[in-house]
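Undergrad: Residue numbers (this note's numbering), protein chains in the order written: chain A, 1 to 294; chain B, 1 to 317.
Worth flagging that the hints you see were computed from the coordinates, not collected in a lab.
Be aware that one or more of the hints could be misleading.
20 Å max Cα-Cα, derived SDA-like pairs, lysine to any residue [claimed, not checked]:
{"hint": "1", "chain 1": "A", "residue 1": "K240", "chain 2": "A", "residue 2": "R150"}
{"hint": "2", "chain 1": "A", "residue 1": "K240", "chain 2": "B", "residue 2": "G282"}
{"hint": "3", "chain 1": "B", "residue 1": "K169", "chain 2": "A", "residue 2": "S66"}
{"hint": "4", "chain 1": "A", "residue 1": "K124", "chain 2": "B", "residue 2": "G282"}
{"hint": "5", "chain 1": "B", "residue 1": "K169", "chain 2": "A", "residue 2": "P64"}
{"hint": "6", "chain 1": "A", "residue 1": "K95", "chain 2": "A", "residue 2": "K240"}
{"hint": "7", "chain 1": "A", "residue 1": "K124", "chain 2": "B", "residue 2": "V299"}
{"hint": "8", "chain 1": "A", "residue 1": "K95", "chain 2": "A", "residue 2": "G79"}
{"hint": "9", "chain 1": "B", "residue 1": "K169", "chain 2": "A", "residue 2": "T148"}
{"hint": "10", "chain 1": "A", "residue 1": "K124", "chain 2": "B", "residue 2": "A42"}
{"hint": "11", "chain 1": "B", "residue 1": "K169", "chain 2": "A", "residue 2": "R150"}
{"hint": "12", "chain 1": "A", "residue 1": "K124", "chain 2": "B", "residue 2": "K169"}
{"hint": "13", "chain 1": "A", "residue 1": "K240", "chain 2": "A", "residue 2": "P85"}
As the structure is a prediction and not an experimental result, all values here were calculated from the model.
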Amino acid sequence: MSAAVQREPDRRAGWARAGRRIRRWQLLLRYLLLLAVLALTIGPFLWQLSTSLKGPGEDIYRYPPSLLPHRFTLDNYAGVAETIPVWDFALNSLKVAVTNVLTNCAGAALAGYALARMRFTGRKSALVVFIMAMLVPVESIMIAQFVTMRELQLNNTLLGVVLPGCIGAMNVLLMRNAFAALPYEVEEAAFVDGANAWQRFVRIALPSVRGTLAVVAIFAFMGAWDDFLWPLIVLSDQSKFTLTIGLNFLHGTFADNQRLVAAGTVIAVLPLIVLFACLQRSFFRGVGEGAVKG
Amino acid sequence: MTPGERFTVAEAPAVTPPPAPARRPDRGTRTQLPSSPWLFLAPGLLIVAAFSLYPFLSTVAHSFTDARTLTAGQFVGGANYRELIHDAMFWTGLRNSLLYVLGVVPLLVMLPLLLAMLVQRRLPGITFFRAAFYTPVVASVVVVGLIWVWLLDDRGLINALLEGLGFGKVGFLSDPWLLLLSAMAVTVWKGLGYYMIIYLAALANVPRELHEACAVDGAGAVRRFLTVTVPAVRSTMVLVAALSSVAAFKVFSEVYLMAGPTGGPGGEDTTLVMLVQQVGTGLSGRVGYASALSVVVFVLTLGLMLLVLRANRKEDA
Chain A
1 MSAAVQREPD RRAGWARAGR RIRRWQLLLR YLLLLAVLAL TIGPFLWQLS TSLKGPGEDI
61 YRYPPSLLPH RFTLDNYAGV AETIPVWDFA LNSLKVAVTN VLTNCAGAAL AGYALARMRF
121 TGRKSALVVF IMAMLVPVES IMIAQFVTMR ELQLNNTLLG VVLPGCIGAM NVLLMRNAFA
181 ALPYEVEEAA FVDGANAWQR FVRIALPSVR GTLAVVAIFA FMGAWDDFLW PLIVLSDQSK
241 FTLTIGLNFL HGTFADNQRL VAAGTVIAVL PLIVLFACLQ RSFFRGVGEG AVKG
Chain B
1 MTPGERFTVA EAPAVTPPPA PARRPDRGTR TQLPSSPWLF LAPGLLIVAA FSLYPFLSTV
61 AHSFTDARTL TAGQFVGGAN YRELIHDAMF WTGLRNSLLY VLGVVPLLVM LPLLLAMLVQ
121 RRLPGITFFR AAFYTPVVAS VVVVGLIWVW LLDDRGLINA LLEGLGFGKV GFLSDPWLLL
181 LSAMAVTVWK GLGYYMIIYL AALANVPREL HEACAVDGAG AVRRFLTVTV PAVRSTMVLV
241 AALSSVAAFK VFSEVYLMAG PTGGPGGEDT TLVMLVQQVG TGLSGRVGYA SALSVVVFVL
301 TLGLMLLVLR ANRKEDA
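Isolated chain A, as found in the complex (with noise of 0.2 Å):
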């Protein structure tokens, strides 16, 4: 007994001691792992920069290799737009993104509001659309869809691009949980003060959700910036392309010229990281909360 109590003080002093020394050597094991992957997740993006930079006169296939280019240039940029319109193909997917943005934001806000705060006969009905919509992969209604388009006479348009994509199932249902989970409270006193749903909405659960939007918005932003498989099947037309589109036409036409090809990817890819590095505090936030709340 007595025993038992003496060593008892002595295991705990000892594991705290190890933990502490273990924690400071992990600490640092720790940074080592985080500077690999980080070598590993954006090392090959530093890598097609470099090769982006590098004069006519720097062999790019030499060895050993090296990142920092010898004989700095910005000509492949402007060889770059030379070969393709490469700007055209840039404001392309900018209007693409920006009308997929707002679409998504106000169509799916305003769905997503009717499913969670009004009561209606067919409010099940609707929920079920949606919930059917969203098993549907995208892969497998796409030719039914360029079929659809061709009748459309959209084919070849960027309205063709924007439009299946516009209001997401999925962002319905993200923004239907977001307005579940207010508080019914916050708009009873406008309810009681005669306010119409379109006036609680616009003032009171709108604002409520900002987080919620803030994440459709930027994914809707990106997965139409960077969408590939359908502007491959509508556009045909070399003007319409978007920028992933134009991007792949400057592979297929240009392969060996790997510093054009090099400059195109950074001016794909370089709005975008830029974008997110200044969203990225309210995305992650936006993330983690809607996850503790489903």
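Start from chain A and add chain B according to the hints.
TA: Using the frame of chain A, we list chain B on its own:
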């Protein structure tokens, strides 16, 4: 795919609306905007019906016809499906898509979990690492594909390093099998950050006390991982398995960019979705046959998801 896919669609809490106040006379100064629920729902329902549900039904209908892009086509019964069974390209595509699932899913279930544990602890600079690890997710798959084509090229960085170390060149992009493996590696690389975020949210809900209690009992890191972390995030692991297997099965862009539009020499690396795109689009696209392929993609996707969920339930029992 959006991160929203992990939200369960819970039924709305049964909120009893407050008793409707006696209708007050409108004050008249405020313009009453329309507020019928159906007006709120109309845009969403319209888009979803026109561009998801109708195309789905018309895909099924088309799959029984010999429609082409420019012609409506006749009803041909199950002819497309019979042709499919004898189509070598279909089996190649199916094989590659299934191999993709087998190769990619285990890695995407495990690696992002380890990564999430690595960035979970609040350390100085950790937000930077989190955001940086997410970069490949943010980048377009086209950009990612082109970057890796450049890295894995015969004259690319990785082969330069391999040669410098005394190994020979490796034909990452020329050998059909290595090309498929390379594409899988790129998919895993691009997906790590996405699933890391999902795990990060799940790990935040694991009580610290469990780890501490386990540590007091003398359990090492590996043991704590197996007895505390894994059971706590099990449902998330199943979700990641379901999401990643569905995504892997439908792979298109990575292989398209690395192998070329026709899936390399002899189409050896074609996946099912690449086949759908090849067969069904363009002015002479065989819409009927591509629709039959699409139906197969749909059924197998659904089956794959059910299989993952079912495997999970069996383990629970």
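Undergrad: Hints first: check each against the structure and report whether it holds.
TA: The hints, checked one at a time:
no.: 1; hint: K240(A) / R150(A); in the structure: holds, 16 Å
no.: 2; hint: K240(A) / G282(B); in the structure: holds, 16 Å
no.: 3; hint: K169(B) / S66(A); in the structure: holds, 19 Å
no.: 4; hint: K124(A) / G282(B); in the structure: violated, 40 Å
no.: 5; hint: K169(B) / P64(A); in the structure: holds, 15 Å
no.: 6; hint: K95(A) / K240(A); in the structure: holds, 11 Å
no.: 7; hint: K124(A) / V299(B); in the structure: violated, 25 Å
no.: 8; hint: K95(A) / G79(A); in the structure: violated, 24 Å
no.: 9; hint: K169(B) / T148(A); in the structure: violated, 48 Å
no.: 10; hint: K124(A) / A42(B); in the structure: holds, 15 Å
no.: 11; hint: K169(B) / R150(A); in the structure: violated, 47 Å
no.: 12; hint: K124(A) / K169(B); in the structure: violated, 60 Å
no.: 13; hint: K240(A) / P85(A); in the structure: holds, 11 Å
In this structure, the earlier hints numbered 4, 7, 8, 9, 11, 12 are contradicted, and the remaining ones agree with it.
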